[in-house]
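Enquirer: Residue numbers (this note's numbering), protein chains in the order written: chain V, 1 to 163; chain X, 1 to 371; chain U, 1 to 177; chain D, 1 to 191.
Hints were generated in silico from the structure; no laboratory data involved. Each hint should be verified, as a subset may be incorrect.
[Unchecked claim] The calculated DSS-like cross-link candidates involving lysine-lysine, where the alpha carbons are at most 30 Å apart (straight line), are: (1) U:Lys103 to X:Lys85; (2) U:Lys165 to X:Lys298; (3) U:Lys99 to X:Lys298; (4) D:Lys78 to X:Lys180.
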Amino acid sequence: MGLLDKEFSDGNIVIAPVEDLFNWARLSSIWQLGFGLACCAIEMMATSMSHYDFDRFGVIPRNTPRQADAIIISGTVTLKMATRIKRLYEQMPAPKYIISMGSCANCGGPYWEHGYHVLKGIDRVIPVDVYVPGCPPRPEALLEGLLKLQDKIRNESLRKKSA
Amino acid sequence: MSLKTETMVLNMGPQHPSTHGVLRLELKIDGELVLDVKPHLGYLHRCFEKHAEAMQYNQVVPYTDRLDYLAAMGNNWGYALAVEKLMGIQVPERVEYIRVIVAELQRIASHQVALGSNAADIGAFTPFLYLFRDREHILSIFEDTCGARMLYNYIWVGGLSHDIHPDFVKKVKEFVSYYKATIIELDNLLSYNKIFIERTANIGVLPLDTAINFGASGPALRGSGIPFDLRRDDPYSIYDRFDFEIPVGKGLQGQVGDCWDRYYVRVREMEQSLRIIEQAIDHIPEGDVQSAIPKRIKPPKGTVYTRIENPRGELGYFIISDGNTNPFRVKVRAPSFVNLEVLGELCKGHLVADVIAILGSIDIVLGEVDR
Amino acid sequence: MKNAEEIFNILKDNFGDAVIALDKDTPTEAVITVDPLKIHLVGEFLRTNEDMMFDSLMCLSGVDDANGKKVKDADGTDIIEGGTLSVYYHLHSVSLKHKITLKVSAPREDAKVESVENVWKCADWHEREAFDLVGIKFLNHPDLRRIMMPYDWEEGSHPLRKDYKNPEFYQGMKVPY
Amino acid sequence: MKTYFRNTWLGIYTVLVGMKITFKHLFTPAVTIQYPEVKLKMPDRVRNRLYVNIDDCIGCDQCARACPVSCITIDTVKSIPGEDLGTTSNGKKKALWVTKFDIDIAKCCFCQLCVFPCPTECIYMTDVYEFSEYERERLVYKFSSLTEEEVNQKKLNLEKFQAEKEAQKAAAAAAAAAKPKPDAPAQPSAN
Numbered sequence: 001m002g003l004l005d006k007e008f009s010d011g012n013i014v015i016a017p018v019e020d021l022f023n024w025a026r027l028s029s030i031w032q033l034g035f036g037l038a039c040c041a042i043e044m045m046a047t048s049m050s051h052y053d054f055d056r057f058g059v060i061p062r063n064t065p066r067q068a069d070a071i072i073i074s075g076t077v078t079l080k081m082a083t084r085i086k087r088l089y090e091q092m093p094a095p096k097y098i099i100s101m102g103s104c105a106n107c108g109g110p111y112w113e114h115g116y117h118v119l120k121g122i123d124r125v126i127p128v129d130v131y132v133p134g135c136p137p138r139p140e141a142l143l144e145g146l147l148k149l150q151d152k153i154r155n156e157s158l159r160k161k162s163a
Numbered sequence: 001m002s003l004k005t006e007t008m009v010l011n012m013g014p015q016h017p018s019t020h021g022v023l024r025l026e027l028k029i030d031g032e033l034v035l036d037v038k039p040h041l042g043y044l045h046r047c048f049e050k051h052a053e054a055m056q057y058n059q060v061v062p063y064t065d066r067l068d069y070l071a072a073m074g075n076n077w078g079y080a081l082a083v084e085k086l087m088g089i090q091v092p093e094r095v096e097y098i099r100v101i102v103a104e105l106q107r108i109a110s111h112q113v114a115l116g117s118n119a120a121d122i123g124a125f126t127p128f129l130y131l132f133r134d135r136e137h138i139l140s141i142f143e144d145t146c147g148a149r150m151l152y153n154y155i156w157v158g159g160l161s162h163d164i165h166p167d168f169v170k171k172v173k174e175f176v177s178y179y180k181a182t183i184i185e186l187d188n189l190l191s192y193n194k195i196f197i198e199r200t201a202n203i204g205v206l207p208l209d210t211a212i213n214f215g216a217s218g219p220a221l222r223g224s225g226i227p228f229d230l231r232r233d234d235p236y237s238i239y240d241r242f243d244f245e246i247p248v249g250k251g252l253q254g255q256v257g258d259c260w261d262r263y264y265v266r267v268r269e270m271e272q273s274l275r276i277i278e279q280a281i282d283h284i285p286e287g288d289v290q291s292a293i294p295k296r297i298k299p300p301k302g303t304v305y306t307r308i309e310n311p312r313g314e315l316g317y318f319i320i321s322d323g324n325t326n327p328f329r330v331k332v333r334a335p336s337f338v339n340l341e342v343l344g345e346l347c348k349g350h351l352v353a354d355v356i357a358i359l360g361s362i363d364i365v366l367g368e369v370d371r
Numbered sequence: 001m002k003n004a005e006e007i008f009n010i011l012k013d014n015f016g017d018a019v020i021a022l023d024k025d026t027p028t029e030a031v032i033t034v035d036p037l038k039i040h041l042v043g044e045f046l047r048t049n050e051d052m053m054f055d056s057l058m059c060l061s062g063v064d065d066a067n068g069k070k071v072k073d074a075d076g077t078d079i080i081e082g083g084t085l086s087v088y089y090h091l092h093s094v095s096l097k098h099k100i101t102l103k104v105s106a107p108r109e110d111a112k113v114e115s116v117e118n119v120w121k122c123a124d125w126h127e128r129e130a131f132d133l134v135g136i137k138f139l140n141h142p143d144l145r146r147i148m149m150p151y152d153w154e155e156g157s158h159p160l161r162k163d164y165k166n167p168e169f170y171q172g173m174k175v176p177y
Numbered sequence: 001m002k003t004y005f006r007n008t009w010l011g012i013y014t015v016l017v018g019m020k021i022t023f024k025h026l027f028t029p030a031v032t033i034q035y036p037e038v039k040l041k042m043p044d045r046v047r048n049r050l051y052v053n054i055d056d057c058i059g060c061d062q063c064a065r066a067c068p069v070s071c072i073t074i075d076t077v078k079s080i081p082g083e084d085l086g087t088t089s090n091g092k093k094k095a096l097w098v099t100k101f102d103i104d105i106a107k108c109c110f111c112q113l114c115v116f117p118c119p120t121e122c123i124y125m126t127d128v129y130e131f132s133e134y135e136r137e138r139l140v141y142k143f144s145s146l147t148e149e150e151v152n153q154k155k156l157n158l159e160k161f162q163a164e165k166e167a168q169k170a171a172a173a174a175a176a177a178a179k180p181k182p183d184a185p186a187q188p189s190a191n
């Protein structure tokens, strides 16, 4: 997970305040990988625009995976794209978080039955932290997913890997 | 002194910062000069045509939404028209009027994203924010009408899923008068901005005969200077009752058919859409919007090809029916798919940075390129 | 402005046996059936002839007619043997404003159709798509590769055929739900 | 030279025009919705999470058939005579136990096609849009109000009832067969 893993992996030292500080820093500046796949990407764009304003939560789109903390899988993941997404995910530095946005990313969505070229859920390739249902989810729903993710980060421990 | 450089192959995408979805471009470059562009598609191939074969006719409508997700109303309409033509259904007047209004609103909303992302790719971010702000008005009208923000499933075969909301007329009128003023703002902010003109004028010139031979349609074709619009040249629905102009590229800032012309045609088209809405909104007749919806959709054997003018160009549906409740084959002639073919032709001889400007000015939506 | 019957007669005069039939019975549009190995000549004629001027190809669609025999293959899955694959061409003339639909059919096992890529440029990707999804080979096409499916997708498997069966795995990813 | 200066002047001037427009927007009210604190009022036709009022469901399976993505699965068990399942709110008599009514909301495409055919209007789309989850399994909503034991009980009841009916029928048939032809030739036995 990061900096303090090895030193404190088995000790009983009280590191709660440090933990809190780390988690607070992490949750309030989730830089996302600016990366759209399909219909949900338009709602993701709408979320970062003036009406919903992603920036209020410290979410700033970054164009390179090397600087990103979170990736929002916004749309249908096809088999052709899945390998690329996996590579992008691997390029991101830890800790990294994934929001699966919309039905298609959750489990193939409307394409789960006959989609010969659709990956049935991004969780078959990379681990997902929050599933946001909707087709596409309203911008508020995406914001709520983000708040859920922040909750998750807030309760994380440095000693235990949870992601 | 001439420096000898080797050609290099550069990959753009499928993940890339420009806002046009998952497209991979293989650029062959000599220094900064682009020698050749090879688009690689299929990163969003969602098997629409296979799904359509497995669904009943009315169940295909939600899937058509997801083709060109910026202009879902147009997709619904094209499909509904095709099946109506196959079955010989005459839809009521009220339905026709509502369809025209929502389709024109959708055209504005779609062009807003197109213009905004075109500008944002080049580096002008403020117009993007403003255009998305105005787009929310249209989305809220649609949400009142049918309950969804983006993928509506509103236009059904033979009718509409809901009648219009009681506030619909009032809200649309408010929007029209508001947006007429805002387009002028957009013009001053972006269209006549010298920096923007420098980035787009004389870039990616598309000559008319190339455009026709490549089958380009929509603003990409009209930017080259031909007033070809299916709403007038192959009229469907009730478009022949409205008075509107077809904006064409005139080469005001450079040659005819450059990126700026294509951009400007879109801006002027939004104005014309507002004009059509103004003419239609006061004349919505009374009636039932669901009276012509068939109980069971079972068209006779045969083939049909219909096309409508979607924001991106000519959207065609080719449906083969074998007399069952499921379509035998549905093929979508997606405007972006055809328009994208011309990209290779346009980019030759330009700089790498111009590729983004050209791509933005063609305005593709990968959902319908790959289907 | 010409209707389908006049166009058919003119084509018949010029190409004889290469133009096979005119199907007027469909409820919406008449379809002219053409020999798959002569389609590029017919297309060239239609595009350049002064009475025709079909300068734009609206749509080109590959279709699996599924009119063959349904049989079971070795492991019990239904496959179709025999029959034809078809390509539909929808043409439109910008200047003369008329439309026509052409159709060619080729045997399913070895479907070969002449490419019209050098007649209408936009046929290029449409033909690649028809090759990719239906499996029709276009002769003299400059770049006949898969377009939608990955390049390393199983050889000879074309998803829009009616007897297509999903693969279990692609590059270690499970395909079915 | 002249064009150079002209271009420079145009560049500066048009940028200033743009800046004037953006400056004006400093004084327009902000459009941002302060989401977690302020929530928009949803329009009355809004299409979000599906909800099933299971008390009204008669198990007719029409929504499942209308669904283009088949995300609804319904299992039913026939009731036996004498069992009272009650009526729905619009007076339809129920005849089936709905033993399973699952909606996989993760597959749902929110098209509302399932809502229209429902005869009792028990399936509808609500305005709840905040329902993201940490686990995918929790997005499968189970609406059936019967517990597993109850379901098994119902199935057992039906089986018992059917067995009884079969037995009765068989007895009746045997009686009927026995009566008219008392000395019919013996059935050729298989073994």
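Enquirer: Looking back at the hints listed earlier, which ones does the structure fail to meet?
Expert: Violated hint: only 4; rest satisfied.
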